[in-house]
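S.K.: With chain A's structure known, arrange chain B on it following the hints.
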Amino acid sequence: MALNLDDIKRIAMLARIEVSESEAQETLHKLSGILGLIEQMQAVDTTGITPMSHSQDVTQRLREDVVTKTNQRELFQSIAPATQDGLYLVPKVIE
Amino acid sequence: MINSSLKQLGHLLASKQISSVELTQSYLQRMAQHNPGINAYITIDEEKSLAQAKAADVSIAAGNAQALTGIPIAQKDIFCAKGWRTTCGSKMLETFISPYDAHVISQFDAVGAVNLGKTNMDEFAMGSSNETSYFGGVKNPWDVDRVPGGSSGGSAAAVAARLCAAATGTDTGGSIRQPASLCGFTGLKPTYGLVSRYGMIAFASSLDQAGPMAKSAEDCALMMNVMAGFDERDSTSLNRPVEDYTRGLAAMTGDQPLKGLRIGLPKEYFAEGLNADVAKVIETAIAEYKKLGADIVEVSLPNNNLSIPVYYVLAPAEASSNLSRFDGVRYGHRAAEYNDLLEMYMKSRAEGFGAEVKRRILIGTYVLSAGYYDAYYLKAQQIRRLIAQDFVEAFKYCDVIMGPAAPSTAFKVGEKTSDPVAMYLEDLYTIAVNLAGLPGMSIPAGFAQSSEGKPLPVGLQIIGNYFDEARMLDIGHAYQQVTDWHQQMPAGLE
Chain A
1 MALNLDDIKR IAMLARIEVS ESEAQETLHK LSGILGLIEQ MQAVDTTGIT PMSHSQDVTQ
61 RLREDVVTKT NQRELFQSIA PATQDGLYLV PKVIE
Chain B
1 MINSSLKQLG HLLASKQISS VELTQSYLQR MAQHNPGINA YITIDEEKSL AQAKAADVSI
61 AAGNAQALTG IPIAQKDIFC AKGWRTTCGS KMLETFISPY DAHVISQFDA VGAVNLGKTN
121 MDEFAMGSSN ETSYFGGVKN PWDVDRVPGG SSGGSAAAVA ARLCAAATGT DTGGSIRQPA
181 SLCGFTGLKP TYGLVSRYGM IAFASSLDQA GPMAKSAEDC ALMMNVMAGF DERDSTSLNR
241 PVEDYTRGLA AMTGDQPLKG LRIGLPKEYF AEGLNADVAK VIETAIAEYK KLGADIVEVS
301 LPNNNLSIPV YYVLAPAEAS SNLSRFDGVR YGHRAAEYND LLEMYMKSRA EGFGAEVKRR
361 ILIGTYVLSA GYYDAYYLKA QQIRRLIAQD FVEAFKYCDV IMGPAAPSTA FKVGEKTSDP
421 VAMYLEDLYT IAVNLAGLPG MSIPAGFAQS SEGKPLPVGL QIIGNYFDEA RMLDIGHAYQ
481 QVTDWHQQMP AGLE
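Sequence order for the protein chains is A and B.
The opening position of the first sequence corresponds to residue 1 in full-length UniProt numbering, with each subsequent residue numbered one higher.
The opening position of the second sequence corresponds to residue 1 in full-length UniProt numbering, with each subsequent residue numbered one higher.
Chain A extracted, bound-state conformation:
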């Protein structure tokens, strides 16, 4: 599956990373190399093989529905780029 420049721009938009015209060409070249490496997988017959996401046979734990954390808003917002009145500030989304 060969990539083209439009693919790069589409993927970059999905990933929310700005890629300039000049970077796109270089990115296309490097990503194509990596995808070439990945293509080796397609030669393997995997019919009927269960996908593996974890090496141990485990399930998600459940916990009691009780309060375990205290509010640390001031501490956490002290490292934010922009806050006001306890809220995170971002550019206006709704007019």
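I should point out that these hints are in silico values taken from the structure, not numbers from a laboratory.
One should not assume that every hint holds.
[Unchecked claim] List of simulated lysine to aspartate or glutamate pairs, EDC-like, C-alpha gap at most 16 Å:
1. A/Lys-9 to B/Glu-343
2. B/Lys-82 to A/Glu-74
3. A/Lys-30 to B/Glu-356
4. A/Lys-92 to B/Glu-337
5. A/Lys-92 to B/Asp-340
6. A/Lys-92 to B/Glu-343
7. A/Lys-30 to B/Asp-419
8. A/Lys-69 to B/Glu-232
9. B/Lys-48 to B/Asp-101
These numbers were taken from a predicted model, which means no experiment stands behind them.
M.R.: Below, chain B without anything else, positioned relative to chain A:
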């Protein structure tokens, strides 16, 4: 003293021959002298370290010392440490002061160890040479024109140059073992789930695992006693009985302490791609193990070559999801100029991430995008099972697997930066272990000469079955009783 084991340092502290403050100061002095040339640390905070050392001295005086109380440990800058700048090697987190402690950090704090500083690393742990760090590459203490390996390259250089008593690392595809091999010390990646990932900045969550990086297997065993254990804050943390990883070490003496041990050599690890000088060192180490009583059997891991393509689907896919949290809203870098929210995201991420991190996010985004999930992600997870089954089959015939940890010795700075695929092949012998979730370690096994005649370390990899860390550490310790590779130091750093 800088070559002392953790146990010896513990004795010096307990018998009041030295205080933790004095010990910490002596390391801080070495760091001031040697770190500028090696760049092993991103953040050093003398005041914080010395405050911990003072508290440790109080504990020791009160008779409350544990094995690592008062001992200065370097922490990879992937672990959030409250009040410490925690960058993960990225511009994205250049000014991030962590508001909380990772589980690993709180475990070391609980026993009174001293946090000596935060070590350099490939950006978001994505790299095999430490050259992707925003804070500059780390130099290999054995030859400063060469890389220390990665991604835990700062911890690796700090251990090799004796700029800490021991260090922590993380290993997603070889990031503890490959630098351990290239810098000549002992590094262990535990079974997936043994060490909590809480507060460890996520790269590929189904593969990431923290582990010790230290001079010897004995030191790593003491570190494991602190690091391992159940933590409910990590949903993949395994709830198992607490182990003493040092329990078998004392028995590793006498003529043939490993009598009857079956060592499997995977023929695929000794095929094309392995440097001849490295192969020679590994063969000599295997011969030493025969003398210690082990039997050698040949095994096969037929799908090993597929581990790299599988990894470069799964790890970027998980990374693209994990790194979506860096949006310039709650913490981390935010672009200075933007017109709307979308542009703020896109510029902040374009400025905050380096080239390799962006590549991996883009690859991950692509393989997870509509229409490609089955062909890439699902296929990779299926082959992952085949790779894991290879190990199940191999362990029917052997107790541990041995081979090289890296295909070559440390390479030159800049040698592989232009070709990501060439860099990815560095992890040919380590990635399958992460995919299977098995424990693996690298121990110093000797040296190969560089083209300039400098000695470059070679690591022997030991791969164990699930939860077999204690036995692997015994096996490493037995070898370190009859060899002194682990005590060798780079020239000029005495």
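S.K.: Evaluate each hint against the coordinates.
M.R.: Hint check results:
{"no.": "1", "hint": "A/Lys-9 to B/Glu-343", "result": "14 Å, holds"}
{"no.": "2", "hint": "B/Lys-82 to A/Glu-74", "result": "15 Å, holds"}
{"no.": "3", "hint": "A/Lys-30 to B/Glu-356", "result": "10 Å, holds"}
{"no.": "4", "hint": "A/Lys-92 to B/Glu-337", "result": "14 Å, holds"}
{"no.": "5", "hint": "A/Lys-92 to B/Asp-340", "result": "7 Å, holds"}
{"no.": "6", "hint": "A/Lys-92 to B/Glu-343", "result": "12 Å, holds"}
{"no.": "7", "hint": "A/Lys-30 to B/Asp-419", "result": "8 Å, holds"}
{"no.": "8", "hint": "A/Lys-69 to B/Glu-232", "result": "13 Å, holds"}
{"no.": "9", "hint": "B/Lys-48 to B/Asp-101", "result": "14 Å, holds"}
No hint from the list above goes unmet by this structure.
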